[in-house]
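Student: Sequence:
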Amino acid sequence: MSVSDLTEAFRKAMIEALVPELKDLKVEMNERFIDLKKEMNERFAKVDERFEKMDERFAKMDERFAKLNERLDSIQQQMFGFQQQMLEFKQQMLEFQKTQEKILSKINYEERIVKLESLVEQILRKAA
1 MSVSDLTEAF RKAMIEALVP ELKDLKVEMN ERFIDLKKEM NERFAKVDER
51 FEKMDERFAK MDERFAKLNE RLDSIQQQMF GFQQQMLEFK QQMLEFQKTQ
101 EKILSKINYE ERIVKLESLV EQILRKAA
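Here the sequence shown is numbered in this note's numbering, starting from 1 and rising by one per residue.
For the record, the hints were derived by calculation from the structure and aren't laboratory data.
Computed from a predicted model, the values in this text were never measured in an experiment.
Careful: at least some of the hints might be erroneous.
FRET-style restraints, in silico, Cβ to Cβ [claimed, not checked]: (1) 124 to 104: 29 to 37 angstroms; (2) 10 to 47: 49 to 57 angstroms; (3) 13 to 34: 27 to 35 angstroms; (4) 84 to 45: 53 to 61 angstroms; (5) 85 to 123: 51 to 59 angstroms; (6) 69 to 37: 43 to 51 angstroms.
Ideal placement from N, C-alpha and C gives every residue a C-beta, glycine not left out.
Sequences are here, hints too, so could you generate the full structure?
Tutor: Here is the structure:
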């Protein structure tokens, strides 16, 4: 037997021994791949469900924020109205104070006149 015959015989023996094992390995790898693919699809389905729930939650949050913004707008409008009323009230108070000061100055002036008249009367009595 020559070296080439020996090599050929060895090659055939290896093929006969390894080919069935390689086929079994290929089948096993295909089965594992199918199982992994199934598992990944299940996981992705769960992730998709979670994303759907998150989308629903975000939609609810968006609705809540929209309602909150409406409330804030309403409050801002009320605050603006209140500030306007406060400015009007302040102006009325200033006008009232001015009127009050005028009245008080007139009262003080009249009191002085009365005091002067009583002093003049006292002086006239003493002089008489």
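Student: It remains to establish, for every hint, whether it holds in the given structure.
Tutor: Hint check results:
1. 124 to 104: 29 to 37 angstroms: holds (30 angstroms)
2. 10 to 47: 49 to 57 angstroms: holds (52 angstroms)
3. 13 to 34: 27 to 35 angstroms: holds (33 angstroms)
4. 84 to 45: 53 to 61 angstroms: Since residue 84 and residue 45 have Cβ atoms about 58 angstroms apart, the given range 53 to 61 angstroms holds.
5. 85 to 123: 51 to 59 angstroms: The hinted range 51 to 59 angstroms holds for residue 85 and residue 123, with Cβ atoms some 56 angstroms apart.
6. 69 to 37: 43 to 51 angstroms: holds (46 angstroms)
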